[in-house]
Amino acid sequence: MTVKLSNDQIAWRAAQDITDGAYVNLGIGFPEKVAQYQPPGRQAIFHTENGILDFGESPAKGEEDWDLINAGKRAVTLKPGASFFHHADSFAMVRGGHLDVAILGAYEVAENGDLANWSTGPKGVPAVGGAMDLVHGAKRIAVITDHVTKDGRPKLVERCSLPLTGVGCVTRVYTSLAVVDIEGGRFVLKEKLPALSLEDLQAATGATLVVAGPVADLIVPEL
Amino acid sequence: MTVKLSNDQIAWRAAQDITDGAYVNLGIGFPEKVAQYQPPGRQAIFHTENGILDFGESPAKGEEDWDLINAGKRAVTLKPGASFFHHADSFAMVRGGHLDVAILGAYEVAENGDLANWSTGPKGVPAVGGAMDLVHGAKRIAVITDHVTKDGRPKLVERCSLPLTGVGCVTRVYTSLAVVDIEGGRFVLKEKLPALSLEDLQAATGATLVVAGPVADLIVPEL
Amino acid sequence: MDKTVADLATVVAGIEDGMTVMIGGFGGAGAPIELIHALIDRFRTTGHPKDLTIVNNNAGNGHVGLAALIEHGMVKKLVCSFPRSADPVVFTERYLAGRIELELVPQGTLAERIRAGGAGIPAFYTPTGYGTLLAEGKPIAEFDGRAYVQERWLKADVALVKAETADTHGNLTFRAASRNFNPLMCMASRHAVVQARRVVPAGAIDPEVVVTPGIFVQAVVEVADPQQEEDLNRANAVYPGEA
Amino acid sequence: MDKTVADLATVVAGIEDGMTVMIGGFGGAGAPIELIHALIDRFRTTGHPKDLTIVNNNAGNGHVGLAALIEHGMVKKLVCSFPRSADPVVFTERYLAGRIELELVPQGTLAERIRAGGAGIPAFYTPTGYGTLLAEGKPIAEFDGRAYVQERWLKADVALVKAETADTHGNLTFRAASRNFNPLMCMASRHAVVQARRVVPAGAIDPEVVVTPGIFVQAVVEVADPQQEEDLNRANAVYPGEA
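So the protein sequences, as listed, match chains A, B, C and D.
With the first letter of the first sequence counted as 1, position 89 gets the number 93 in this note's numbering; the numbers rise by one all the way through.
With the first letter of the second sequence counted as 1, position 213 gets the number 217 in this note's numbering; the numbers rise by one all the way through.
With the first letter of the third sequence counted as 1, position 58 gets the number 184 in this note's numbering; the numbers rise by one all the way through.
With the first letter of the fourth sequence counted as 1, position 1 gets the number 127 in this note's numbering; the numbers rise by one all the way through.
So that you can see chain A by itself, here it is in the shape it has in the complex (with noise of 0.2 Å):
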């Protein structure tokens, strides 16, 4: 199995489900890119934890202004309409439900929606961020991962065997192989790359796919 998608195709397809004027949160590193694939016409505003809604790209390199970041520290601009605010009124903003949707990271996602990627274990320094309060916050919790890890095993899992960032919280995941809903505890497929079988998307997954009604294509776009 050498097809899959890049981490930029992932980000494409989890931006597609964006709608305009959508409040979203992306998590730090490899979920950042969603911001880069909005469809045209369209215009999401982005939440940082920091305190800031509505910033926009990088400055040019030596624009840079250090008080003005985002969570993962990277420096940002803004856009007409942005606000700053302080913590405690960021995350009223994710625990009270007034985000769209969060796009994390995984270790791990279990078919009943567990999610796992803060910490791999009991070694080395523990950090957890607003991982834990994001997944409890936005309406809707959306997952973008490769489909497997990179020695080859599953991240779709039956239960998370790592650390939990929070219970029953996922419910959909965008994979370099697929696009898999939760529902009712079960991973429920809803797109899979078109040259992949059915048995070989199986049998890259830790817990059952269910088939409960078509599966379309996953498109592979050029980037």
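Hints listed in this document are in silico derivations from the structure and should not be mistaken for laboratory results.
C-beta: ideal position from N, C-alpha, C; glycine also.
Accuracy of the hints is not assured; some may be wrong.
[What the hints assert, rightly or not] Here are the computed lysine-lysine pairs in the BS3-like style, where the Cα-Cα straight-line distance is at most 25 Å:
| # | chain 1 | residue 1 | chain 2 | residue 2 |
| --- | --- | --- | --- | --- |
| 1 | B | K77 | C | K203 |
| 2 | C | K202 | C | K264 |
| 3 | B | K65 | C | K176 |
| 4 | B | K83 | B | K143 |
| 5 | D | K203 | C | K264 |
| 6 | B | K127 | C | K202 |
| 7 | A | K77 | D | K264 |
[Claimed, not checked] Residues from chain C that keep clear of chain D, each with C-beta distances beyond 12 Å, as calculated:
| # | residue |
| --- | --- |
| 8 | V131 |
| 9 | R220 |
| 10 | E290 |
| 11 | Q354 |
Following the hints, position chains B, C and D against chain A.
Positioned in the frame of chain A, the structure of chains B, C and D alone reads:
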């Protein structure tokens, strides 16, 4: 017993205990008079529940701005250094212990520090406002009141008979006859009108007045 | 994105029977008179909405704004801290006749319950009200040797809010003490409807001075010269005038 | 009333061994570098304060600011949400060697616990962390059929805060995303110490744009040209320079 302090004289006495730079909330009505009697050289900062810090006197008649009012819905003015904030921040100031003193009226004060000042019983429309928040918020809760009711019954009592505003919250009472502290569940007399005998004062009081140290003369200011 | 709505009738059209509606303001400061009157107009035309639960600090004054809403029989229950005023006759008569329910809440608890609703905090503990009638039946817990009352969040279907300036994204500023409950009610309601003296393009409000970020606001209507409840009551106004 | 203090040494003089100190900032934005360095200077001269409990979102970066405070052995325990960064070697080494305690708190819970400390709310319920390691041992309660974790307020003896403009009454404004935890920490500490780029007379800040009202601030010191942690770290700075 015809000699007693007027409301203005009680307010004057209470004002003497407010230090320079203190943050103060004055209850609606009679307690508002305290602001007029700050000793020269001292400037307290007055807080009002509806979101102003450092407001000043009423404007001239006809000059009122009805967006600039205090909790009693009276038009006020601003002093240099004033600020506006919403109701949750305003009561964070109250409940969080940031006010140095709140001075409130009372129907009854008990020797255990209980205060009743919001309801005269089940008849009519109940209304509480910010009184219950204030009595558990400010560092010091003082009461100013006539020593007895209009029909001569004591307002300083063993136990409140009216619905409570707060439990064990009052530490000092300024009355028309005396200054009384509440210490260890007892009324401790600190000052009394010089012409008034201890016996007569006790007779006008509904609980034992303890003399546990020198009793100073309550000053009768010329206002 | 443009949250601007052209007229008052449209902006209140979605408010239905039985909803919980938070109304901003403390006294006349920040009371969204035009929005309330638009809601009364809707009721006079259609018979709806009625059986509303209203959350406000007070119970209205005179015969305009919230008092007029009550006077039209649209309000089933009021959640407030201080249902007294210079002229609360409309509420008082109905309350004493048992025709309107009252949930009396200490003012700071009311503010915090609304903020909690907006911030996703289902319950919190406060010293306020401990040992009083207003804490009866509520869970009590001790922390560090002191007793506290558990209070629940307060949320609403709709908030009616008065702002000074709004931009098309719904970012708001307020004027003086008319801020009061307005920013909190935007947070705690599914649909926050704002009347603003000025509606400006996105970017025209300095990001540093935004009080309510647009994420908490769903609709904005410009009311360039809003009425002040206090002025109306001093003129003994009645809504609607030709009664 | 004038809360201005002339110099950095004086303003940190009251910070003693064993105290809990909240330090504002998120990354380099809003980190009060000069106040932290003044505290290090005090330690280098007097051997105090030490055994501090520090509350900050992060665990420092490089060898300046909070990282330098840890590197000097002044910190017994850190309460934070994200003790990782581009260069967290100072904290990481000490943590893995068991020489510093860590209380890991989800970022929104950290913010809310600090606000609760400032607002007199001893405990609240949040969905955050339910069913995870970070909720272990904490009371769980169900509201409307959903499970929540009980969290306690967080208070401090001192807060070290960076502001943009302060007036002599302690009213503050911040700059861009350097607001972050700073206003909350002013609320939650007995003694909030602020470094501001500009100190102006009372009345020079518009009452509408005050972010932190002066009631939450105890001391203000002007640092006209503050260092930015991010710039220092990009230049591989070490505090103090002549080590």
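Checked hints:
1. The suggested pairing of K77/B with K203/C holds, with an alpha-carbon distance near 24 Å, which does not exceed 25 Å.
2. Our distance criterion of 25 Å between C-alpha atoms is met by K202/C and K264/C, whose separation comes to about 23 Å.
3. Between K65/B and K176/C, the direct Cα distance comes to roughly 40 Å. Violation of the 25 Å bound is thereby established for this hinted pair.
4. Proposed proximity of K83/B and K143/B is supported: the alpha carbons are some 24 Å apart, at most 25 Å.
5. Straight-line distance between C-alpha atoms of K203/D and K264/C comes to about 37 Å, which puts the hinted pair past the 25 Å bound.
6. A distance of roughly 21 Å separates the Cα atoms of K127/B and K202/C; the hinted pair therefore holds under the 25 Å criterion.
7. Simply put, K77/A and K264/D have alpha-carbon atoms about 31 Å apart, too far for the 25 Å limit, and the pair is violated.
8. No beta-carbon of chain D comes within 12 Å of the beta-carbon of V131/C; the shortest separation is about 26 Å.
9. At the 12 Å boundary, the C-beta of R220/C stays outside the reach of chain D, the nearest C-beta of that chain being 30 Å off.
10. Distance check for E290/C against chain D: the nearest CB is about 9 Å away, which does not clear 12 Å, and the non-interface claim fails.
11. Listed as a non-interface residue, Q354/C keeps its Cβ farther than 12 Å from every Cβ of chain D; the least gap is roughly 18 Å.
Hint check: violations occur at hints 3, 5, 7 and 10; the rest are consistent with the structure.
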